[in-house]
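Colleague: So you can see what is in the structure, the chains are spelled out below.
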Amino acid sequence: MELFRIKKDIPFMSYGRLTTAISLVTFILAVVFLATRGLNFGVDFTGGTVMEVNYPQAANLESVRKAVDSIGLKEATVQNFGSSHDVLIRLPVKTGVSVAKLSEEVKTALVAADATAEVRRVEAVGAQVGDELYENGGLALFFVSLGIMLYLWLRFEWRFAVAAIIANMHDVVIILGFFAFFQWEFNLTVLAAILAVLGYSVNESVVVFDRVRENFRKMRKASVVQVIDNAITRTMSRTIITHTMTQTMVGSMLLFGGEVLHNFALALTIGILFGIYSSVLVACPIAMWLGVNRANLIGDVEKKEGGKKEVVVEPDPSEFAS
Amino acid sequence: MNRYPMWKNILVAVMILIGLIYTIPNFFGESPAVQITPAKSTTKLDSALLGKVEDIFKQEKIEYDGVYQDARGVKARFKSTDTQIRAKDVLQANLGTDYTVALNLLSRSPNWLRSLGAKPMYLGLDLRGGVHFLMQVDMKAALSKAAERFVGDFKIALRKERISYVGVSREGETVQIRFNNPDELAKAHAVIAKEYPNLTLEESTIGEERILTASLNLVEQKSIQDFAIKQNIQTLHNRINELGVAEPIIQQQGADRVVVQLPGVQDTAKAKEILGRTATLEIRLVDEEKSDAATLEKAEKGQAPIGDDVFKNRDGRAVLVKKNVVLTGDYITDAGPGVDSQSGRSTVNVTLDARGARIFQQVTRENVGKRMAILLIEKGSTEVITAPTINEEIGGGRVQISGMANTQEATDIALLLRAGALAAPMDIVEERTVGPSMGQDNINRGVHSTLWGFAAIAVMMMIYYAAFGAVSVTALAINLLLLVAILSMLQATLTLPGLAAIALALGMAIDANVLINERIREELRNGNTPQASIHAGYERAWDTILDSNVTTLIAGLALFMFGTGPIKGFAVVHVLGILTSMFSAVLVSRAIVNLIYGYRRKLTKLSIGQIYKA
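Going line by line, the protein sequences match chains G and P. Numbering that gives the first Met the number 0 numbers the first residue of the first sequence as 0 and each following residue consecutively. Numbering that gives the first Met the number 0 numbers the first residue of the second sequence as 0 and each following residue consecutively.
Hints listed in this document are in silico derivations from the structure and should not be mistaken for laboratory results. From a predicted model like this one, the values you see are computed outputs, not experimental measurements. There may be inaccurate statements among the hints.
Stated by the list, open to error - Restricting the straight-line Cα-Cα distance to at most 25 Å, the calculated cross-link-like pairs of lysine to any residue (SDA-like) are:
id, chain 1, residue 1, chain 2, residue 2
1, P, 271, G, 119
2, P, 193, P, 212
3, P, 271, G, 131
4, P, 7, P, 19
5, P, 271, G, 56
6, G, 93, P, 269
7, G, 93, P, 426
8, P, 567, G, 126
9, G, 217, P, 531
10, G, 220, P, 526
11, G, 100, P, 137
12, P, 567, G, 268
13, G, 100, P, 243
14, P, 567, G, 119
15, G, 106, P, 273
16, G, 106, G, 138
17, P, 567, G, 131
18, P, 271, G, 112
Kindly produce the complete structure, drawing on both the sequences and the hints.
Modeller: Right, here's the structure in full:
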């Protein structure tokens, strides 16, 4: 079975304007949603308390609410979660009361209201710890971007590094835009997913850039546009197959992973879908406009790798001439 | 040319074998067990304990699967949790307070595996249930407490040198000594500068008085803070030992935080109370001279005479005690609940160390007929537990403190005194509790995601790439095997995000095989011979695989460096998964392909799915 029977190279670069325009629009939309709605940060970042309570029978939200109100926590939200037996209680940070004491008070009140209540999970984060996690998350994002850029710069060329990072930051902003639009909870695991996606979709750009470099070496007569079009066309099959496989795994997480992994898997899904598009159709045009060409790519590479590389079964270059 | 040298084949085989051995323990599951550890560091662990435990089991007719001794203590396995709980009670009753008996789980893997050091993966709290606390040490309090100590030290030093001063007091984190004339100040300056080189001294004048201000310099501050956190960790260790938790984790995080993880603990209220209590004991003299009715009445309203503090006793009456502290809880070596033989009331019996005993003897000798107050300081409030009259000189360092409300209180206070005081108060700033049923649910979620995802990928790969797809899937399975083996070997903590990272690692690792297979197809399409295509396919895909994995690795390392808790768990597995995938996707899959095709002379077709040729 083979899905991709492509005779001619697809002229991706001539759609450059269109694809960039689409990217720009989604990007701007994402930024607008981020600015107007903002992210729905979980307790990891804001501080506060989340409690998951299970009842053997369908939970009576009214009585749970009353129990929480009885200890003077008016700002608490109480809602069903997963099934009618499970209740999620969210409490904001209360100044002067330690997070540990607060959760214990709520627990006592819940058990007093209904002795069958079982607290299955408590996550309580003090305001200061939340701020630090927020800061560390930002630092992690910064260093991942910096590290990847440095590596691509060393291995390829600064134009590729810049193009890849722009393409992938664009993915990150779009994922954040989705989370802002739907007001999905943004917690530490989602941040982990975003950083993982960042590393993963740079792969995509790397695979294409590798091919571009190889093509510059082989297709001596071809223009830059032809070289890039050929590289994208030839790696397209791999791109689709790989992403389908990864998405299969992530889909399995979405199905079986439960509530804790749900948003993690969602972030990965959006990241993978947009990653395919942006790492190819955003990164390549940007690299082209930045002026990638044979001279600045191969001259550099052959100096570095010329000696140690063995040349294997070189196909006839004329084959690529069309 | 598609043959591996023998050493490479052996390398692959050995790696798979090691992977198998270290993965197997994960399939045996765990059985209920109890863990017996010495309660105090002074109690020696010897082989006699092993025999003793066995004897107790035989006596009480408790069926056990096995008893083992390791560096930390003795462990015994049982068939059911009922026997486990009965065994715990019986052991605790028979062994007394010298040993802590805690419920635990032990791997059911056979002895030969255990002797190889093969253990199942170490599950994090979100997978096995338990509590995680992040505790913040109040460093300001540690510094003022240190300053408080200097107040007493200065007085002794000045008295010894016969320097007359007006007063010594603590102001925030500094200590001020007031003098009437500059000569005495100069003398004092010299003495203190010599004895306490780590203090910064400043002179100033307010009105008639000359003031010498001593403050801690940065070096001293840091050493006090280091000491405070070390002392707190030690105290937490002692207290948790008393709670009887198997495999607790107590670690310093950053300069002023401590992580406490208590697997399997469900009574979070009790755990918080024991961990958070900052009770310390102080013994001070009651100021008898000023304890007349008028002063006491004023004191009730909060006006204490100079040099005294006023505290309430258990009846709510004010007691005037001198500011000078005779003894603190630091001198206590042991404490236990007891009953007073005459009154029949609950007491706490305290044993002091040699220095404490000497001070206590001297103070009681000099103050016969006066009253001595025993103060319990907890969460900033001080209470006079009892203030008995000193009838005679007390030597030997054994002190009985009466005035306990009941046996429970006597037991609690004894525990706190025995476990030592916290050098500075601590607050819980983060709590994560996971119930035991939730833990099992989380394991199932992670495992189901991985297995179903794997199955779907396997089917798709085999349909699309035929035999090469099967090779890729085998390589992927070996990747999973190696990853689980490494996690088991390192005993890295596996969390739910970690399980997600295993799934994700597999989903990403298949990329390498897709790259290789696509390359081989392309070479074939270009009209190369099958053997040459295999060779070129692997060779050319390698650069790309390396590049793409390095970028993923960078993301993983950054996550590891900046992540805490769940993120760190994710990052560890993510990074390890990338490393094992490079090995399995390239070396292992090539070895299999070589075995299948490498020895065929006349190879005309590869089973890699249908290829469209132009």
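Colleague: For each hint, tell me whether it holds in the structure or not.
Modeller: Cross-check of the supplied hints:
no.	hint	result
1	P:271 x G:119	holds, 17 Å
2	P:193 x P:212	holds, 15 Å
3	P:271 x G:131	holds, 23 Å
4	P:7 x P:19	holds, 18 Å
5	P:271 x G:56	violated, 30 Å
6	G:93 x P:269	holds, 22 Å
7	G:93 x P:426	holds, 15 Å
8	P:567 x G:126	holds, 21 Å
9	G:217 x P:531	holds, 19 Å
10	G:220 x P:526	holds, 22 Å
11	G:100 x P:137	holds, 17 Å
12	P:567 x G:268	holds, 22 Å
13	G:100 x P:243	holds, 22 Å
14	P:567 x G:119	holds, 23 Å
15	G:106 x P:273	holds, 18 Å
16	G:106 x G:138	violated, 36 Å
17	P:567 x G:131	holds, 15 Å
18	P:271 x G:112	holds, 23 Å
In summary, the numbered hints that this structure violates are 5 and 16.
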